[in-house]
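S.K.: In case you want the letters, here they are:
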Amino acid sequence: MTYRLGVDVGGTFTDVLLIEETTGETFRVKTPSTPHDQSEGVLEGIRKVCALGGISPSAIDHLLHGTTVATNAILEGKGSKVGLVTTDGFRQVLQVARSFVPGGLAGWITWPKPTPLAHLEDTVEIPERVDTRGNVLRPLDEEATRRALQHLASRQVEAITVALVNSFANSDHERRVGEIISEIMPDVPVSLSCDILPEIREYERTITTVANSYVSPVVGRYLRSLEDQLLHGGLGAKLRVLRSDGGLAGVATASEAPVSLLMSGPAGGVAGAVWAAAQAGYTNLLTFDMGGTSTDVALVQAGKPRIGRETTVGDLTVRASSVDVRTVGAGGGSIAHVPQLTKALRVGPQSAGAEPGPACYAKGGVEPTVTDANVVLGYLPPALIGGEMTLDAAAAEAAVAGIADAMGLPDAKTAAAGIVDIVNENMFGALRLVSVQQGYDPRDFALVAFGGAGPLHANALGKLMGSWPVIVPPSPGVLCAYGDATTSLRNESARTFIRRFNETSDGEVTALLATLATEAQSALDAEGVERSAQTVSWQVDVRYMGQGFEVPVDVDASQVGDGLLASVASRFDAEHERLFMFALDTEHEVVNLRAVAQARAAHVKAPTLSVGGPDPAGARTATTTVWVQGHEQQAGLYDRSLLKAGNVVAGPAVIVEMDSTTLVLPGHAATVDAIGNLLIRPVEPGTLDADKHLSTQTEAHQGDR
Amino acid sequence: MATILTSKPPAKAESVDPVTVDIIENALRNARAEMDAVLFRTAMSPGIREQHDEFPLIANPEGLMVVGQFGLSIPAFLDGFNGTVEEGDILFTSDPYACGGAISHANDWLILLPIYVDGAVVGWAAQFGHMTDVGGKVPGSLPTDATSIFEEGVLVPPVKLYRKGELNSEVLNLILNQVRMKDWNRSDLNALVAACRNAGRRIQELCARFGTDMYLATLDMLLQRNYDAMKTLIETTIPADEVLDFTDYVCDDGMGFGPYKIHCSMWREDGKLILDFAGTDPQSAGSINYYLNESLYKMFFGTYMISVFDPQILWNDGFYPLVDVRIPEGCLLKPRYPAALSCRTHGLGRIFDMLTGLLGQRQPEFLCAAGFSSSPHLMYSGYYSQGERAGEWFQLYQIGFGGIPGRPFGDGPDGYSLWPSFTNVPNEFLESYFPLVIERYETVADSGGPGFYRGGNGIDVAYRFLEAGQVSIHDDRWFTYPWGVNGGLPGGRSRKWIERADGTKETLPSKCDRVHVARGDLLHYVTWGGGGWGDPYDRDPSLVAKEVEQGLVSAQGALRYGVVLDSHGGVDTEATVALRERLRGERGPVKLFDRGFDTIEELRERCLAETGLPAPQPPPTPAAAAR
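Chains as they are written, first to last, in my numbering: chain A, 1 to 705; chain B, 706 to 1332.
Just so you know, these hints were derived from the structure itself, not from any lab. All values derive from a computational prediction rather than experimental measurement. Treat the hints with care, since some could be wrong.
[Claimed, not checked] Derived DSSO-like pairs: lysine-lysine, alpha-carbon spacing no greater than 27 Å straight-line:
| hint | chain 1 | residue 1 | chain 2 | residue 2 |
| --- | --- | --- | --- | --- |
| 1 | B | K865 | A | K343 |
| 2 | A | K113 | B | K1251 |
| 3 | B | K966 | B | K977 |
| 4 | A | K238 | A | K48 |
| 5 | B | K936 | B | K717 |
| 6 | B | K869 | B | K713 |
| 7 | B | K713 | B | K865 |
| 8 | B | K869 | B | K842 |
| 9 | B | K717 | A | K78 |
| 10 | A | K81 | B | K887 |
| 11 | A | K78 | A | K113 |
| 12 | B | K887 | B | K865 |
| 13 | B | K977 | A | K343 |
| 14 | B | K966 | A | K343 |
| 15 | A | K78 | A | K605 |
| 16 | A | K238 | A | K605 |
| 17 | A | K81 | A | K113 |
| 18 | A | K81 | A | K48 |
[Said to hold, decoys possible] A few chain B residues facing chain A, derived, Cβ under 10 Å:
| hint | residue |
| --- | --- |
| 19 | T937 |
| 20 | F1114 |
| 21 | I1143 |
| 22 | D1271 |
| 23 | G1275 |
| 24 | T1278 |
Here a beta-carbon is modelled for each residue, glycine too, at the ideal position from N, C-alpha and C.
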């Protein structure tokens, strides 16, 4: 018997999932998160789940962990005091940033400029300079450097970033400064920009490295403490951390580059969605994770999430590979309002958050939120099965009625339907960003919905997108833990190498790719992964000579060597055509090279439900009234835990479970699959206006997988 | 007069539920954002790609802008185009005089395409972007010494770039043959077309989703929404019986004359708001004329007004009947054909300071100081003499950044721009593509005007040139200051100088072409700071001390806040209190506007001593201006 443990720490709960690898048998525990020290909640969860499964902690081979420690440090401003070392003449690199003022023409009048992550008074410049091809223009003045570092020491910085101009082309000076720092301040962690992001663009490289320094002490402390306590608790399992790019990293690697953990949470959700949908036979997915204050969406093609090169957390954007998750600031807690001047219905960006929360939580909130609208429409039953909370329907109604009055609508239900339509439209906009705007047809994708509010809005979004089926995985709350438990070790190594294609050769690029592969594999070697269990792939970022943005082109082992550049060029042209509807007869240019080493993913068998017939009557607990399509209708109310594989729930229906509620619209039906996914599809295609042609096409697209 | 081939669009729906209106509003906003995204990702010239010097719009069938950011009058444009317009056609122009100033110099290339659904025109998409070079007498095509538009490069009248989907390659080749950076122009033009086509597709999708009848009816409601909102705002915020005036200046025309006065009066009349530029100086004989499109100024004005009250509103032409912009023929803002227009950026920038100056007199939420309302240019071009690119032409066009003014909401950021979505070009990127090294990129201490809220600092960029070539500079606010408000002091002026490889130092004028540089020469390009907001003697002394430590203010500069520092850089409280008391007494009550001078004559007298440059001479009388 071999066990693996998936652990996901969320804002409220810590989910722990114990999986027996061969049978797929799982044990699941939910414990309150412990924000002051997340490891407490994690250990408590592990203790409980082992008791539940009746196993000794020592039976666990792997502990796979998604963590928000780094993310929270950024969002709460609780990272370290970072000292920054720059090249003479560039001390204000973060102060000036990219000179970008958001908010359009009059945006500058009200924009509050955030304070740089490394403060200007903690930034020093040192005499040195290399050029963009790596030639030394001015040697490093070590004496002056020592004086500057003494100044940082006197300011008691807790971490230091060294980010010198053009260090992507020649890192000698940065490395030497790193050595001097370790002499002067041996206990202060140092991040070198040539290690964290050896790519062109000084601001992006600097801010990314500073962000790394900012979270490095807190992440390091956390991981070391967790590892120690696990050992102390008799758990010899290897601890691995889920990174933003959806791969796992060992503790050492993760501690060195914690900036790559900022999207660990959302990446876990996407990984879990991929796993759950794969059980139903779907690999082309749009994921839709709607929570209380924000919603994350991402696109998955052939089982692989699209990886983006940027990570955004709050005001901070850094260049670090992460699952290309787009976040919109709208969720269940978003507040609806009607500006007096225009009488338009706006939803968000303000959110009621957890405190005071929506009006229906009866915790003092009076402003109408999306959740209140769902209550008014009957989509969220006031008393949830197994839920700890009852919802105050009257308070929701009163709050939403205010919107009806302001807009001159006949009643609260009409206003509530408007609020839901508007927020769905915002989600639709976000889903279009990752699909239509990247040249993908959403009708080729299934929509996987999770998060507290996702399953409520999913059917409506499926209609807007034409993405079928809509998949609602079982226990959406534990999905991240599944994601953590089913991914594999991954490591990336990259460098900027700017050359026109005629200035380099297949041989030169192939040699560089081989070097990067060796670097990328070394971290996996260190984690004890056999070379035979590793795969390497590459990306070459290419653009037309003169463009400012690159398009990554995937390269596999069969393409390196002779003909590499020609093949990359033709695939770049095709991708450019797909994205922008034109290609150019202009010279190509390499910008960045990247190698990704990946270990094989664990095969985790999914637990299955007992099988039943199409009739879901056994799970039907009541009939409830919902407001859809402009009038009241009777809907079945189902207890999800009683559904059997093969059951078909016809809409309108409300399916409730402990941590989420699924709405099935009229004209649609949810089929329960073998592992308990709800697959929502339109019924009788052709009879529904919005769904004309769509469902049959989707079946044709995906049915043969 | 164009003939538009279109079938009759379906009758507009009689009613649209309000939520659908909001949904379509949101979708239009997304379509517009997508136009920008496509353009930025595919354009090649740094001006568009990194600095986002471009403007999109989507219009209704009648040509009224329903979302976007510029003042194209599509009916006027089509009036001047002889021919048919049909599905698949794409129109193109670069002639400001052919489109009522929707674009204001020949560097701006404008694309317009009709959007068809079932054979009927349901709207228009248009976008223009600034080309790095359009030919003419100097690299960059912005000749300071041009006296007519014929010296400013290729001037494309309205033509069909695509005819029923087919590229008119002969016309394109003819145009591209006139310019220095063909690849950039071709690619930027492609990107503009791709962005407009993308918008067209989005509108077609909206019509399919909601029905063309519903879509068209919604556009009317969105236009009405702007009208209603502006009507309320004008009635509640603009005084009924009062004329407000404001004056600002463009410092010079690069030919030795200046400053040029821009004057605007604002009042309410019969429910309309009047913005009257009578009193503005006559047009220049040179190229600083700014052909200001009336609709564009309405749009700028409306944006400043409405966005404070409902930031999510979608900008459109709906409120235009409520605002009347009057610009006298033959003045700096409405020059007569064929006046030179290329260097209009200074006038374009200044009208934003005019807006804050006008609106701010009665609206505290708008009362900002003068700030970085500009996009100063640097051009550097020549041939590589060595290395693997020997013999190749290089040409840089870069926009500078400076100080945002002090605002009612806080300090102005250092080294930014108040232009929407402009970003600077990474220095490592510049060094990779041009023969130069950036030795310093840093804001200038004390260049932000002191105030309760400090104006943002200007920037000093030091360019070390690695190849011989020639440089052009276009900047302003070297003679007049960015003014402060409510007791805030003016920001620092712009400066340029060059340190030759042989050790000599030369002060360069704010506007110049054909400055020859040699390998090893160092150019300091210093932009201006933002004006201060509010009384600097009320600013928190510990914040002033911190900014001294940060290098944003000097110890000497702290004295302008009445703050005295001790030898460790801490606040000397006693001395500070005493100094502030003395300075307050000497100053007297605070001024609403502090321009840093009382009369232009006085400013002329100090000019040479302060700037190292001779004062500009008063502009010639109208009779002497070039015709």
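S.K.: Take the hints in turn and mark each one as holding or not.
M.R.: Hint-by-hint comparison with the structure:
{"no.": "1", "hint": "K865/B <-> K343/A", "in the structure": "violated, 42 Å"}
{"no.": "2", "hint": "K113/A <-> K1251/B", "in the structure": "holds, 17 Å"}
{"no.": "3", "hint": "K966/B <-> K977/B", "in the structure": "holds, 26 Å"}
{"no.": "4", "hint": "K238/A <-> K48/A", "in the structure": "holds, 19 Å"}
{"no.": "5", "hint": "K936/B <-> K717/B", "in the structure": "holds, 25 Å"}
{"no.": "6", "hint": "K869/B <-> K713/B", "in the structure": "holds, 19 Å"}
{"no.": "7", "hint": "K713/B <-> K865/B", "in the structure": "holds, 23 Å"}
{"no.": "8", "hint": "K869/B <-> K842/B", "in the structure": "violated, 35 Å"}
{"no.": "9", "hint": "K717/B <-> K78/A", "in the structure": "violated, 56 Å"}
{"no.": "10", "hint": "K81/A <-> K887/B", "in the structure": "violated, 49 Å"}
{"no.": "11", "hint": "K78/A <-> K113/A", "in the structure": "holds, 19 Å"}
{"no.": "12", "hint": "K887/B <-> K865/B", "in the structure": "holds, 19 Å"}
{"no.": "13", "hint": "K977/B <-> K343/A", "in the structure": "holds, 22 Å"}
{"no.": "14", "hint": "K966/B <-> K343/A", "in the structure": "violated, 41 Å"}
{"no.": "15", "hint": "K78/A <-> K605/A", "in the structure": "violated, 40 Å"}
{"no.": "16", "hint": "K238/A <-> K605/A", "in the structure": "holds, 21 Å"}
{"no.": "17", "hint": "K81/A <-> K113/A", "in the structure": "holds, 19 Å"}
{"no.": "18", "hint": "K81/A <-> K48/A", "in the structure": "violated, 37 Å"}
{"no.": "19", "hint": "T937", "in the structure": "holds, 6 Å"}
{"no.": "20", "hint": "F1114", "in the structure": "holds, 5 Å"}
{"no.": "21", "hint": "I1143", "in the structure": "holds, 8 Å"}
{"no.": "22", "hint": "D1271", "in the structure": "violated, 17 Å"}
{"no.": "23", "hint": "G1275", "in the structure": "violated, 13 Å"}
{"no.": "24", "hint": "T1278", "in the structure": "violated, 21 Å"}
Of the numbered hints listed earlier, those contradicted by the structure are 1, 8, 9, 10, 14, 15, 18, 22, 23, 24.
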